[in-house]
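Protein chains: 4
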Amino acid sequence: MRILFLGDVVGRTGRDAVVKRLPGLREQLRIDMAVVNAENASHGFGLSPEMARAFFAAGADVITLGNHAWDRKEIIPYIAETPRLLRPMNFPPGTPGAGSVVVVLRGGHRVLVMTVMGRLFMDALDCPFRATAVELSKHRIGVNCAAVIIDVHAEATSEKMAFGHSFDGQASLIVGTHTHCPSADHQILPGGTAFQSEVGMCGDYDSVIGMQKEVAAARFWRKMPGERLSPAEGECTLCGTFVEVDDITGLAKRIEPLRVGGRLSQTMPAV
Amino acid sequence: MRILFLGDVVGRTGRDAVVKRLPGLREQLRIDMAVVNAENASHGFGLSPEMARAFFAAGADVITLGNHAWDRKEIIPYIAETPRLLRPMNFPPGTPGAGSVVVVLRGGHRVLVMTVMGRLFMDALDCPFRATAVELSKHRIGVNCAAVIIDVHAEATSEKMAFGHSFDGQASLIVGTHTHCPSADHQILPGGTAFQSEVGMCGDYDSVIGMQKEVAAARFWRKMPGERLSPAEGECTLCGTFVEVDDITGLAKRIEPLRVGGRLSQTMPAV
Amino acid sequence: MRILFLGDVVGRTGRDAVVKRLPGLREQLRIDMAVVNAENASHGFGLSPEMARAFFAAGADVITLGNHAWDRKEIIPYIAETPRLLRPMNFPPGTPGAGSVVVVLRGGHRVLVMTVMGRLFMDALDCPFRATAVELSKHRIGVNCAAVIIDVHAEATSEKMAFGHSFDGQASLIVGTHTHCPSADHQILPGGTAFQSEVGMCGDYDSVIGMQKEVAAARFWRKMPGERLSPAEGECTLCGTFVEVDDITGLAKRIEPLRVGGRLSQTMPAV
Amino acid sequence: MRILFLGDVVGRTGRDAVVKRLPGLREQLRIDMAVVNAENASHGFGLSPEMARAFFAAGADVITLGNHAWDRKEIIPYIAETPRLLRPMNFPPGTPGAGSVVVVLRGGHRVLVMTVMGRLFMDALDCPFRATAVELSKHRIGVNCAAVIIDVHAEATSEKMAFGHSFDGQASLIVGTHTHCPSADHQILPGGTAFQSEVGMCGDYDSVIGMQKEVAAARFWRKMPGERLSPAEGECTLCGTFVEVDDITGLAKRIEPLRVGGRLSQTMPAV
Ligand SMILES: [Fe+2]
Ligand SMILES: [Fe+2]
Ligand SMILES: [Fe+2]
Ligand SMILES: [Fe+2]
Ligand SMILES: [Fe+2]
Ligand SMILES: [Fe+2]
Ligand SMILES: [Fe+2]
Ligand SMILES: [Fe+2]
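Chains as they are written, first to last, in the working numbering: chain A, 23 to 293; chain B, 23 to 293; chain C, 23 to 293; chain D, 23 to 293.
Treat the hints with caution; some may be incorrect.
You can't tell identical chains apart in this list, so a pair holds if it fits in one copy or across any two.
Simulated pairs of lysine to any residue, SDA-like, Cα-Cα distance not exceeding 20 angstroms [said to hold, decoys possible]:
1. 275 x 167
2. 42 x 291
3. 275 x 286
4. 95 x 251
5. 275 x 164
6. 42 x 81
7. 275 x 288
8. 42 x 54
9. 275 x 290
10. 275 x 228
11. 95 x 237
12. 95 x 248
13. 95 x 240
14. 160 x 124
15. 275 x 162
No wet-lab data here; the hints were simulated from the structure.
Using the sequences plus the hints, can you model the full thing?
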């Protein structure tokens, strides 16, 4: 099985690039399963139902969100009826939506996708490690599901690496989101799980994490109310992670980053 | 001019790799100027004078430190007499050592190296942006110095990107340290400054930011005193950034990452 | 029923004062139930079993701990066999000890004591609000227990006040610990629960939260390793909260602060 | 000289109480100098020029602000022309307004008032300790000014106590603001400076730090966008600190808290 994970979509330039290029990427890389983190799609803050529909239509099997999940409030009723749109699993009980979903692919393969949010330098939440352990106790990779994909939406690399090792061997891919800067530490961990601490954003990299650089940088210099942050509008670099999964074990055979368009160095997984 | 910057050296595996490979890398890549961040060289915490001497002997022109600067107290008298060993410039007035140095290379070129520490999710310090602006007001790249290298030791990618744009055109290289995960966002910013939000560590990547994974991961699961953290001892991946600088302007012509040895995908700048 | 709650005991001066004065206070104020937070009893960091025994012998019915619970490791086996010694209830499952206990007083009255730790500006923990709601669902004040006492060990006054209102009417007393500065906001909330956002420490107030002032203050001026913090040794001010509880409802009839000895303004509940 | 300091005014109930009662308090307590922290006067967020004028008219000699300084943007031009309206002194250079002012009282006495903001659990700012030392180097209590009043707007009691001791003997009064819960640790420090770690708010204490309790408490239970916070509207408790200053030395002879109206226990300085 071949998996493509695209990181935080930021603003119009990110949305347009994902919608335009995802169909071709699916074909070119013979992707079986695509996941897109879209928490910043709407002007940098949240996701509208209409945008979610566009991503699904373009080939996203599952969409994940993070700390910006509720920035667009229209998403609340929509997520309640859209099982393939996920918010962090370790949000409090009673939160609308879910943090995991089992998707059945065309060939009948079952794939578990889940997302949790880290706590270091982030919001006060229930333990993402324990939440993940509970969820994984219900699914066995290579037994009752063909692949497991976990989006760990977190700030600190220490928490992400600790997470990766904690569930090494129980997932096909554990990939970080949230910092918007792609990491070059992709590897297959000793237990067989593909890991990358940060997939990076789909947005303009002549920016401050996707937002216009002058206004965003001024916030670090001054202690005054400034202009509203808005997304940078230059050409998007699509940042993603590609994983090839063993059909028997569900573990990873290969992980490669993908960076297409825009300012960053370009790379495509070998086909 | 050709610059090599190596990220946070962690523990024995990192030290040994730097000492063993830096001389060859200098030769192979025809490096004029090498900088090494060594804040985690001593069992993950700090740097001893003896280790610093070994790095200088192996070809480091300048060594930088970060939040772990003082973990080994012997460094305090040593830094006072070692101008090429830097601690963050925005530490309070009166702190031993300095945060910047002008190195004169064999050919007579003057190179300014400086390091500052970020504040987002880090210690309470004076403004790293203003400290940098003050320092840069005394040096003009392409006029009275041939190159400017800035190590921005920070947690948040937003602060690092804001920092890069704030001084774009005034430095040859602005490179982040501290998170220990190499980023793949290296680029030449519009004003001519080479930028990479994180160079990554020189350490074992089968770990939690260089430390043994079982003990480090347990800290995220439990709220109890655990075993002491100690560095992972597997093979080191040397993580670095290579920059080629224009001899006239001091701005960057090329930036490429370097990853040698260990678990991460290997890459070497083209010679 | 009459309850006395004494705040964080800091160092020798705090220990000596509690051991010396608690018996007399119990008698003078006709206390039925005394609780002591002792997380800083041992040189400012943690509690030894021997010290715990001394507090129990002096009249503490229950001892609570906070973020410093495990600073003295000998407490770990001891807490496992000492139900009246509590650590925060919202520590992860599997943590030694418990966060609540039902004490049966001489007259047969059952009193529930519990402690939780806040999350704002503190460690990543499970939700203290939900943990409390679960625990309180098993006990009904005025029905199957005569009083409920909750120690909310937290930094932010917003979290403490939110906690107080969330459980107003379900507890006799909700009192904050951890900041070491007694608050003057004691009141009976509309639902009948006595509330004080911070009881204050039992320690020397010519200090920085109980620790010697020169060394502790220097940490705010400098970014260098300094001398070890150690407790200030001047005369202790015992800081406590006194509550009189209605025998039928278990709700509060009166709340008064107590400050005895040392530098702070002196106050004793009317008898 | 007699000083009255009133803590963070929250919303309409706080504004109305200050405007209505300050004139009488000045007279009754024979106040020479009144300072009011008003950062939450406008619906809990910021201060409008019109409200500032009302406080000045009611007898405030100086008004201080804190982290909410700029929540109402109309205050920016107004502060630039209003020397007696202060924002934290350790905001970055170039910030409108000032952080200190020397007020000349009717009898000719000069009083220095200043305010700084803490950094622990707060924004990244320049060092409040060093900023204060620089300012105090220009003024000598008992020599060229009759009194010095410092508002330390901070979260952590450790930072506030460290601040108090650092400048003990150089100020008449050092009083904390920001947490909105009055402390009962008022004392005259060994060097002669009156100190109280937190003056408390002027607002409704049936609330979460002055805001309506249901909405504010829900934020600790849930991870969802909720209703807007708005100030509680019950009866205000005016919380203040009264200090009597020695006419020769400028140091404190007496410090007493003041709590008038509303739910908290009532106390008035002896006349
Ligand atoms: Fe994001
Ligand atoms: Fe995020
Ligand atoms: Fe480091
Ligand atoms: Fe660091
Ligand atoms: Fe404590
Ligand atoms: Fe504590
Ligand atoms: Fe306030
Ligand atoms: Fe404030």
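We went through each hint and held it up to the structure:
| no. | hint | in the structure |
| --- | --- | --- |
| 1 | 275 x 167 | within (17 angstroms within a copy, 49 angstroms between copies) |
| 2 | 42 x 291 | within (19 angstroms within a copy, 32 angstroms between copies) |
| 3 | 275 x 286 | between (26 angstroms within a copy, 15 angstroms between copies) |
| 4 | 95 x 251 | both (19 angstroms within a copy, 17 angstroms between copies) |
| 5 | 275 x 164 | within (14 angstroms within a copy, 48 angstroms between copies) |
| 6 | 42 x 81 | within (10 angstroms within a copy, 48 angstroms between copies) |
| 7 | 275 x 288 | between (22 angstroms within a copy, 17 angstroms between copies) |
| 8 | 42 x 54 | within (18 angstroms within a copy, 44 angstroms between copies) |
| 9 | 275 x 290 | within (17 angstroms within a copy, 24 angstroms between copies) |
| 10 | 275 x 228 | between (34 angstroms within a copy, 17 angstroms between copies) |
| 11 | 95 x 237 | between (25 angstroms within a copy, 17 angstroms between copies) |
| 12 | 95 x 248 | between (24 angstroms within a copy, 10 angstroms between copies) |
| 13 | 95 x 240 | between (28 angstroms within a copy, 17 angstroms between copies) |
| 14 | 160 x 124 | within (11 angstroms within a copy, 36 angstroms between copies) |
| 15 | 275 x 162 | within (18 angstroms within a copy, 50 angstroms between copies) |
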